[in-house]
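Enquirer: Just so you know, the protein sequences line up as chains A and B, in that order.
The opening residue of the first sequence carries number 242 in our numbering; numbering runs sequentially from there.
The opening residue of the second sequence carries number 1317 in our numbering; numbering runs sequentially from there.
Simulated from the structure, these hints should not be mistaken for laboratory data.
Among the hints, a few may not be true.
As the list claims (entries may be wrong) - Capping the alpha-carbon separation at 25 Å, the derived lysine-lysine pairs in DSS-like fashion look like this:
#1 B:Lys1433 to B:Lys1385
#2 A:Lys328 to A:Lys351
#3 B:Lys1474 to A:Lys328
#4 B:Lys1590 to B:Lys1552
#5 A:Lys328 to B:Lys1526
#6 B:Lys1529 to B:Lys1552
#7 B:Lys1529 to A:Lys299
#8 B:Lys1406 to A:Lys243
#9 B:Lys1590 to B:Lys1529
#10 A:Lys256 to A:Lys333
#11 A:Lys252 to A:Lys299
#12 B:Lys1383 to B:Lys1433
#13 B:Lys1393 to A:Lys299
#14 A:Lys299 to B:Lys1530
#15 B:Lys1373 to B:Lys1393
#16 B:Lys1319 to B:Lys1530
#17 B:Lys1529 to B:Lys1319
#18 A:Lys252 to A:Lys316
#19 B:Lys1393 to A:Lys316
#20 B:Lys1372 to B:Lys1474
#21 B:Lys1383 to B:Lys1393
#22 A:Lys316 to B:Lys1406
#23 B:Lys1433 to B:Lys1526
#24 B:Lys1433 to A:Lys316
#25 B:Lys1372 to B:Lys1433
#26 A:Lys252 to A:Lys328
#27 B:Lys1529 to B:Lys1467
Said to hold, decoys possible - Facing chain B, according to a computed beta carbon distance under 7 Å, are these residues of chain A, among others:
#28 His290
#29 Gly291
#30 Gln295
#31 Gln298
#32 Gly304
#33 Val321
Virtual Cβ for every residue (Gly too), placed ideally from N, Cα, C.
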Amino acid sequence: MKIAVSTVGTKKDSKLEPRFGRANYFVVYDTETKEYTFIDNQEIQETAHGAGPQTSQKIFDAGVNVILTGNGPGKNAFQVLEAGNIKMFICKEDITAEEVITKYLNNELKAFEN
Amino acid sequence: MYKIAVASGKGGTGKTTVSTNLSHYLAQEQAILLADMDVEEPDSHIFVQGQLWQEKKVYKEVPTLIKDKCVGCGRCKEVCAFNAITMLGKRVLFFNELCHSCYACLELCPHQAIEMKPQMLGQLTQINDKNLTFLEARLDIGQEQAVPLIKQSFDFIKENIPAEIGIIDSPPGSSCPVVETVKNCDFVFLVTEPSPFGLNDLKIAVDTVKLLKKDFAIIINKDDGEENIIRDYCSKEDLEILAAIPEKQSIAELYSRGSLIYEEDVDFLGEIQKIASKVNSLMRRKR
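Working from the sequences, and respecting the hints, build out all of it.
Expert: This is the structure we're talking about:
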């Protein structure tokens, strides 16, 4: 299973980014290999409209199963993620990617509902 | 029709105050159109009585999929410049709020699997009050695109309204809806106020109007009558201050009651007369 966290940086100790669609990076953790990788989403800053669907598309294409983010995705992004069968969880704390993934694996995060 | 946009950078500076009072004042002697293009929250109607003349629903064209023709090639998604199409594997998702009705997906689909269907954007309402024709353009709740509605409003004006002068109450800011409004007008009144926000946004509005190559004049609202940051800026930039409406509580009270201010406040009347004579001289020059 692949878990993606919206982040401000590329490392597992990078802070959680509260925004989903406009996040610069996603730190990705693969529960099978226990490895961390990241998705570079910086080009989204050039996009005037439709950031949510575009970011969601990228997440889907990367084969992610779960996203962890701060505020939760917007309406359009939600629609794409839901249709793509990607689970969404939110965390309002100021913590790192690794910490939020641990919380998720311990069932401490709230599922996002639109 | 000679159309004058009443615009501002900052919201709440007095676009509607100027538009409604100026239109009524001018309509005492000639046929005038007052059009409210602040489609996200039109409010000029508060100052207009009269008879409902006609209403028209406005639509935009959005794509739908012909499922048995689609092979999931993803061409439509590639060509969409507005991120309005997402592909989940071979499944196509359209986001109609993001669609600009450019038809690229329909034209470039190799399997003719897309057709367009109308989606309601908003409504135009025309009210007639003797010499004054009032047109309101109102965007439906949940719709995000003001531009196609504004575009169609100007088409409607061209086809339906014979007045020689149009006063166009514009949206605030300086983004696409304002650009679309100003583009369709011949002259611009920029309404501002002597506050730091007023000045900052006025500068942006002036740059926008210059880029669109439109002539314009400044109207200061809530003016304190002395040297202020707007007057400084205008004299440095050599911009015409057409009128300065004084800062007075009684004017705000009249406005909040939905009254015409020039009928009851002589200072305000003086400023509206200055603006009206500018309108008339612009018209003479045009003729």
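Enquirer: Against each hint, give a clear statement of whether it holds in the structure.
Expert: Against the structure, the hints:
| no. | hint | verdict |
| --- | --- | --- |
| 1 | B:Lys1433 to B:Lys1385 | holds, 17 Å |
| 2 | A:Lys328 to A:Lys351 | holds, 11 Å |
| 3 | B:Lys1474 to A:Lys328 | violated, 51 Å |
| 4 | B:Lys1590 to B:Lys1552 | holds, 23 Å |
| 5 | A:Lys328 to B:Lys1526 | violated, 49 Å |
| 6 | B:Lys1529 to B:Lys1552 | holds, 20 Å |
| 7 | B:Lys1529 to A:Lys299 | violated, 41 Å |
| 8 | B:Lys1406 to A:Lys243 | holds, 21 Å |
| 9 | B:Lys1590 to B:Lys1529 | holds, 24 Å |
| 10 | A:Lys256 to A:Lys333 | holds, 12 Å |
| 11 | A:Lys252 to A:Lys299 | holds, 19 Å |
| 12 | B:Lys1383 to B:Lys1433 | holds, 15 Å |
| 13 | B:Lys1393 to A:Lys299 | holds, 13 Å |
| 14 | A:Lys299 to B:Lys1530 | violated, 42 Å |
| 15 | B:Lys1373 to B:Lys1393 | violated, 30 Å |
| 16 | B:Lys1319 to B:Lys1530 | holds, 12 Å |
| 17 | B:Lys1529 to B:Lys1319 | holds, 15 Å |
| 18 | A:Lys252 to A:Lys316 | violated, 28 Å |
| 19 | B:Lys1393 to A:Lys316 | holds, 19 Å |
| 20 | B:Lys1372 to B:Lys1474 | holds, 15 Å |
| 21 | B:Lys1383 to B:Lys1393 | holds, 16 Å |
| 22 | A:Lys316 to B:Lys1406 | holds, 22 Å |
| 23 | B:Lys1433 to B:Lys1526 | violated, 38 Å |
| 24 | B:Lys1433 to A:Lys316 | holds, 22 Å |
| 25 | B:Lys1372 to B:Lys1433 | holds, 18 Å |
| 26 | A:Lys252 to A:Lys328 | holds, 22 Å |
| 27 | B:Lys1529 to B:Lys1467 | holds, 19 Å |
| 28 | His290 | holds, 6 Å |
| 29 | Gly291 | holds, 3 Å |
| 30 | Gln295 | holds, 5 Å |
| 31 | Gln298 | holds, 5 Å |
| 32 | Gly304 | violated, 11 Å |
| 33 | Val321 | holds, 5 Å |
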